[in-house]
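Taken in sequence, the protein lines are chains A and B. The numbering of the first sequence is our numbering, which starts it at 1282 and goes up by one. The numbering of the second sequence is our numbering, which starts it at 15 and goes up by one.
No wet-lab data here; the hints were simulated from the structure. Some clues are possibly wrong.
[Said to hold, decoys possible] Some chain A residues flagged as far from chain B (calculated, every beta-carbon gap over 12 Å):
1) 1427
2) 1523
3) 1547
[Unchecked claim] Heads up, incomplete: computed chain A residues facing chain B, CB under 8 Å, no partners named:
4) 1435
5) 1493
6) 1552
7) 1556
[Unchecked claim] Subject to a maximum C-alpha distance of 27 Å in a straight line, what follows is the list of computed DSSO-like cross-link-like pairs (lysine-lysine):
8) B:73 <-> A:1437
9) A:1412 <-> B:90
10) B:147 <-> A:1744
11) B:73 <-> A:1770
12) A:1782 <-> A:1570
13) A:1717 <-> A:1678
14) A:1770 <-> A:1744
15) A:1580 <-> A:1329
The model shown is predicted, which means the values in this text are computed figures rather than measured ones. Glycine included, C-beta positions come from ideal geometry on N, C-alpha and C.
One letter stands for each residue in the lines below.
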Amino acid sequence: MLKNILLVLLLLSLSAQCTRKNEAPSGELFSYLDANVPNLDPIHSTNKYSSTVTQSIFEGLYHYHYFKRPLEIEPLLAEALPEISKDGLNYTVRLKKGVYFQDDKAFPKGKGTEVTAEDFIYSWKRLADPKNKGQGWWMLDDKIVGLNEWRELRKKGKADYSTPVEGLKAIDPYTLRITLKQRSYQFLHILASPPTVVVAQEVVENYGDQIGNHPVGTGPYALVQWVRNSKIELSKNENYHKSFFPKEGNQDSNNKGDLEDAGKLLPLSDKVTIRIMTERQPLWLSFLKGKIDHGVIPKDNNDQILENNKIRKEYAQKGISIHPQDRPDVLYVGINMEDPVLGKHVNLRKAMNAAINRDLLIEKLYSGRGIKAQGPIPPSIVGYNENYKSPNNYDLKNAKSLMAEAGFPDGKGLPEFTLDLPNSDTWSKQFGEFLKDQWGKIGVKIKLATNTWPQFDKKLKTKQVTLFPNAWMADYPDSENFLQLFYSKNISPGPNSLNFKNEDFDRMFERFLTLPPGNERYDLTQEMVKLINEHSPALFTLHRSFRLPYHGWLKNYNEYPIIYDYLKYLRVDEEVKKELIKKL
Amino acid sequence: MNSRSFPIHYCIKRILYVIPILFGVTLITFIIFNVAGGDPAFEQAGRNATQEQIESIRKELGLDRPLVWQYLHFVKQTLSFSWGNSWSTSQNINQMFLKGVGPSLCLTLPSFIISIGLSILLALYTTFMGSRKPIVDQSISSLCLALMSVSFLVYIICFQYFFAYYLGLFEINGWSFDWTERWSYLILPWIISIFVTLGPNILIFRSAFLNEVNQDYVRTARSKGVSQFHVYFRHILQNSLVPIITIVMLQVPYLLTGSLLLEAFFGIPGLGGVLIQAIQNADFPVVKAFTVMGSLAYIFINLFTDLLYIVADPRIELK
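Using the sequences and the hints given, assemble the complete structure.
Here it is as structure tokens:
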């Protein structure tokens, strides 16, 4: 009987393998996403999953240099960086000529039209249009003269797309004039962000409310097939404007030989298949089998492939390498400052802060994949001070004395707090138990409440939480994006979920916004970080640091959050792949 | 049923029951979503939203209207089967359902049929061996219990690792609309699905057969010299059809919703994944549509089951 079963299995598998086509035709890249993408309308592209796809199909005026760190903005559909008036309010952008939208039936005779300044004005009005509910609207909110007014009129049905916006002018088909309400040192980053890419009015009008399922841009790739929850297939945009692989990088890219393709026309691969794998095991096994060219190491498999953060010999022999990626994010435990007890007692908050052993947390729950946070700004963002040490670092003795100073020695007189978790999975519970144990040592008792993400989000935005874990990933590489989490005008439902209100901080933040990059801005950043730590509304834990594995046949792999248009730089060396795949 | 008229009155009555059941389903779904669910406006607005944006989205989605209006709108959608578009994906919900149902059925239907067929055969075999070689019966029953004791997730993790990764016999993950390729992605999920359902099915069918094995009509058939094959397949199986139909039909609605875990681990774009995504995104129209359609599927499958009973056992009368 057993023999028969094995025979049937063998026959089934053989026939299954006979039907498989050659999975790696020349120039085909296999990537992955570990979450689903609901919509490919760029105005909703505010996370890495949708942005990875939309930034391969759409393009904006600017993007980030693939190799240079700290990140450096360079022109994409613009000819050059904008000419900015002395008062910092007027941006004149000259567009590249001869850039066409991908061919689509929405265009006359199916041929994509040339991109002009009017297309950008249309795209940004579309982002501002309240009917489109664009998640990326906040990027342009209150920035451009007349755009918010246009939005208000649109809401009342008194404006359409032909109604002019004072701050957006097409001087000629290839010149765009943008007028800002006030100087903004983040505006260039905004022009490099996924929601501000250019879309074609013909396409939007043709597909109507289905536009999120029919992305058509100017990017290096066009959508071929989208099987939700399974895969996204992209193919090279044959009309792609001349765009070249960077000729310079940083020291690291020069050493790795990543500039072998310098000067070559982009994109380097003809076809990209993005596999959607929400579960860690199939993702990991697919990587080990060479079904995807790069991957992510599941927490539990960290020691299988890494030793002291370096790749183990047996995997190195298979051609697998590791790309270190320090993420521009911060993880913290938030305190709702409107809580009658926690909000009032700064020493209680500081005691809870000092009671968290971050080293243990990173080791036990993140498998060592993190850098201890000293404040809200991550190491890769300008404004981070590597010499600064938080006064709230782990010190149990200090934590206990702070509890006494707060009037709650050993937790006497304290109510039990609730820690809301955004998930009910095992890891979230382990995280909650970890904090319970840490705070238990100073007499702070908590109970854990698990939620679904929508429940958690609702509680957060309606101030129904007391303690909650949270994370913030940079939208753009500027410390403003992290400091705004503490600005009183951003309290819930805005990004300041802590509901932290401090006049001194607000004053400093408002001044910070007016300062150009430089020493004064940097010094002010340090003052704000100190003030935040003094008040402890957020107990910063870590900045995530990933080690991303990739196969030896994948060339130019340099993935970094915020740079979402990276697929066009990747190339598979088929000869190397043939050899290495035998070893897997 | 040939000699009897079709129970038309019974069917009409059962169909009329749909009205109060649907009323209950819509009401409970609506309450759960509004009380315990998230706020769709927050999900749609994103993490940097302002109060103004949230209010604007709420208005756009009709969430600023009185709850009674929202509920009546839901009832209207239910009656017209017009669910509109998903809030998160913008797809037409009926289209989403049609796109997802194919992969779900591809995943579940073949394994369901094979599992039921195999379970009946093995249950008959173990019943047959029960009086002759009790060790065989005991071994199969113990094996079934052991199979049942392992969680579905463990099967998936172990089988995917061992058969797909370690032995390389099957694909790890993926999907194709081309049938010549598609089934290479489906064989392993089918095997897992059969493995998981085999244990409980065999035990339930076996107990149904054991109830019949010592009946007088079986003894009479044997004394008349009817072959064992005939006794088991013609008499015992036919007389056990009512419990078998009950068990089988109970599993039918799950064929449509697919298997969430299998879909997630093997990258199959079925309905299970669509539903989970909708719940995670507070996509109320999709959740509403799926709940109502699921309830309708249950109601009609139950009705169909009742009709099958009278085919299987002419003594049953539907009143």
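Hint check:
1. 1427: holds (17 Å)
2. 1523: Holds: least Cβ distance 34 Å, greater than 12 Å.
3. 1547: Consistent with the label, residue 1547 (chain A) stays out of reach of chain B, its closest Cβ about 28 Å off (over 12 Å).
4. 1435: Violated: closest Cβ of chain B sits about 11 Å from residue 1435 (chain A), beyond 8 Å.
5. 1493: Result: holds, 5 Å to nearest chain B Cβ.
6. 1552: violated (15 Å)
7. 1556: Status holds, d = 7 Å.
8. B:73 <-> A:1437: With Cα atoms ~13 Å apart, residue 73 (chain B) and residue 1437 (chain A) stay inside 27 Å; holds.
9. A:1412 <-> B:90: With Cα atoms ~24 Å apart, residue 1412 (chain A) and residue 90 (chain B) stay inside 27 Å; holds.
10. B:147 <-> A:1744: Violated - the C-alpha atoms of residue 1744 (chain A) and residue 147 (chain B) are around 68 Å apart, more than 27 Å.
11. B:73 <-> A:1770: holds (23 Å)
12. A:1782 <-> A:1570: This hinted pair is violated, its Cα atoms lying about 52 Å apart.
13. A:1717 <-> A:1678: holds (18 Å)
14. A:1770 <-> A:1744: Holds: residue 1770 (chain A) and residue 1744 (chain A) sit about 15 Å apart, inside 27 Å.
15. A:1580 <-> A:1329: It holds: about 20 Å lies between the C-alpha atoms, which stays within 27 Å.
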